[in-house]
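> Sequence:
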Amino acid sequence: MMNKQMQGRVSYLPDNTKEEITNWYHLYSDSIFKYILMMINDYQQAEDLTHDTFIKAYKKHHSFQKRAKPKTWLFSIAHNITVDYIRKQKPIKIFQEIFQTIKDPAPLPEDSVEIRESSIELYKALSRLKPSYREVIVLRKIKEFSTRETSEILNWSEGKVKTTLYRATPALEKELLKEGFLNEKSI
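Just so you know, the sequence shown maps onto residues 1 to 187 in full-length UniProt numbering.
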């Protein structure tokens, strides 16, 4: 259920708009939160920016043209809000402490350590990439958006998404090699 703070801010919207945005919140807020957290690595701020994303979606709902999927539109808003936040931060510290998500609810202890170490190495390597590479890898490979959806979120052409991903992949592999996470034989 939507928190009271958000409900109070959107009381001027028609009931069907509130209902639609509330449904989107239930469907996409966790995914958007994780995306923002991966970009800024600040749990509390990621929560705030997630809420800001949905508040902006409420306010701009009239501009949603339904050509894009709601999830794509919301991620586009989240991307813009996150980029604005990052630009305001000095110095920018992204990915110093890495969150982890483990899909298996009860992995063996040694598996948990291995998964955690793998996640940390991956995110350390991602943090050393330039922002455009990191964004496209997170959206295309981790969040599994299509090329078209990624281009809409980032406001890039599909060609730029493909080219950036093409360049970002070997850059990420190079960083993983530096970390010792990969070796030449595994590539």
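It is worth saying that the hints were derived from the structure and are not from the lab.
Even glycine gets a Cβ: it sits at the ideal position worked out from N, Cα and C.
Keep in mind that the hints are not guaranteed to be accurate.
The calculated DSSO-like cross-link candidates involving lysine-lysine, where the alpha carbons are at most 27 Å apart (straight line), are [said to hold, decoys possible]: (1) LYS56 x LYS69; (2) LYS56 x LYS178; (3) LYS71 x LYS88; (4) LYS143 x LYS66; (5) LYS69 x LYS174; (6) LYS178 x LYS88; (7) LYS130 x LYS88; (8) LYS66 x LYS124; (9) LYS124 x LYS69; (10) LYS18 x LYS56; (11) LYS69 x LYS178; (12) LYS56 x LYS124; (13) LYS162 x LYS174; (14) LYS141 x LYS34; (15) LYS174 x LYS60; (16) LYS56 x LYS88; (17) LYS18 x LYS59; (18) LYS88 x LYS66; (19) LYS162 x LYS141; (20) LYS59 x LYS71; (21) LYS56 x LYS66; (22) LYS174 x LYS143; (23) LYS178 x LYS141; (24) LYS18 x LYS66.
Pair by pair, the computed Cβ-Cβ distance ranges are [as the list claims (entries may be wrong)]: (25) LYS178 x HIS62: 42 to 50 Å; (26) GLU173 x LYS59: 38 to 46 Å; (27) LYS88 x LYS59: 19 to 27 Å; (28) ILE142 x THR163: 13 to 21 Å; (29) LYS162 x THR17: 30 to 38 Å; (30) LYS174 x ASP30: 15 to 23 Å; (31) ARG128 x HIS26: 14 to 22 Å; (32) ASP30 x LYS162: 25 to 33 Å; (33) LYS66 x LYS130: 17 to 25 Å; (34) THR169 x LEU27: 27 to 35 Å; (35) LYS141 x PRO70: 19 to 27 Å.
> Work down the list of hints and note, for each, if the structure agrees.
Hints, one by one, checked against the model:
Taken as a hint, the LYS56 and LYS69 pair is honoured in the structure, with Cα atoms around 17 Å apart against an allowance of 27 Å. Proposed proximity of LYS56 and LYS178 is contradicted: the alpha carbons are some 40 Å apart, above 27 Å. A C-alpha spacing of about 26 Å is found between LYS71 and LYS88, which places the hinted pair at or below 27 Å, so the restraint holds. For the hint linking LYS143 to LYS66, the alpha-carbon distance of about 21 Å falls within 27 Å, and the restraint holds.
Between LYS69 and LYS174, the direct Cα distance comes to roughly 34 Å. Violation of the 27 Å bound is thereby established for this hinted pair. Between LYS178 and LYS88 the CA atoms are separated by roughly 31 Å; this puts the pair beyond 27 Å, and the hint is violated. Restraint check: the Cα-Cα separation between LYS130 and LYS88 comes to about 17 Å, which is no more than 27 Å; the hinted pair holds. The hinted pair formed by LYS66 and LYS124 fails the criterion: a straight-line CA distance of about 37 Å is larger than 27 Å.
For a cut-off of 27 Å, the pair hint linking LYS124 to LYS69 is broken: about 31 Å separates their Cα positions. At most 27 Å may separate the alpha-carbon atoms for a hinted pair to count; LYS18 and LYS56 meet this at roughly 13 Å. With a C-alpha separation of about 38 Å, the suggested pair LYS69 and LYS178 falls outside the 27 Å cut-off, and the hint is violated. A distance of roughly 31 Å separates the Cα atoms of LYS56 and LYS124; the hinted pair therefore is violated under the 27 Å criterion.
Distance hint between LYS162 and LYS174 is fulfilled; the C-alpha atoms sit about 19 Å from each other, no more than 27 Å. For the given pair, LYS141 sits about 14 Å from LYS34 by alpha-carbon distance, which is consistent with the 27 Å threshold. Straight-line distance between C-alpha atoms of LYS174 and LYS60 comes to about 41 Å, which puts the hinted pair past the 27 Å bound. Distance check on the hinted pair: LYS56 and LYS88 sit about 19 Å apart at the alpha-carbon level, within 27 Å; holds.
Distance hint between LYS18 and LYS59 is fulfilled; the C-alpha atoms sit about 11 Å from each other, no more than 27 Å. For the hint pairing LYS88 with LYS66, the CA-to-CA distance comes to about 31 Å; that exceeds 27 Å, so the pair is violated. Of the pairs offered as hints, the one joining LYS162 and LYS141 holds, with about 12 Å between alpha carbons and a cut-off of 27 Å not exceeded. Proximity of LYS59 to LYS71 is assessed by CA-CA distance (about 16 Å); at most 27 Å being required, the pair is judged to hold.
Distance check on the hinted pair: LYS56 and LYS66 sit about 16 Å apart at the alpha-carbon level, within 27 Å; holds. Taking the CA atoms of LYS174 and LYS143, the gap is near 22 Å; set against the 27 Å cutoff, the hint holds. In summary, the hint linking LYS178 to LYS141 is supported, as the alpha carbons are separated by about 21 Å, within the 27 Å threshold. Restraint check for LYS18 and LYS66: satisfied, since their Cα atoms lie roughly 16 Å apart, inside the 27 Å limit.
Here the CB-CB span from LYS178 to HIS62 is close to 48 Å, well matched to the stated 42 to 50 Å. At roughly 41 Å, the beta carbons of GLU173 and LYS59 sit within the given window of 38 to 46 Å. A hinted range of 19 to 27 Å for the beta carbons of LYS88 and LYS59 is consistent with their spacing of about 20 Å. Between ILE142 and THR163 the C-beta distance comes to about 19 Å, which sits within the given range of 13 to 21 Å.
Separated by about 35 Å at the C-beta atoms, LYS162 and THR17 satisfy the suggested range of 30 to 38 Å. In this structure, LYS174 and ASP30 break the distance hint of 15 to 23 Å, their C-beta atoms being roughly 32 Å apart. A beta carbon spacing of about 35 Å between ARG128 and HIS26 contradicts the range 14 to 22 Å that was offered as a hint. Between ASP30 and LYS162 the beta carbons are some 28 Å apart, a value that agrees with the proposed interval 25 to 33 Å.
Taking 17 to 25 Å as the suggested C-beta distance range, the pair LYS66 and LYS130 does not conform, at roughly 34 Å. Our hint of 27 to 35 Å for THR169 and LEU27 holds, since their Cβ atoms are close to 30 Å apart. Under the hint 19 to 27 Å, the C-beta atoms of LYS141 and PRO70, about 22 Å apart, fit the expected range.
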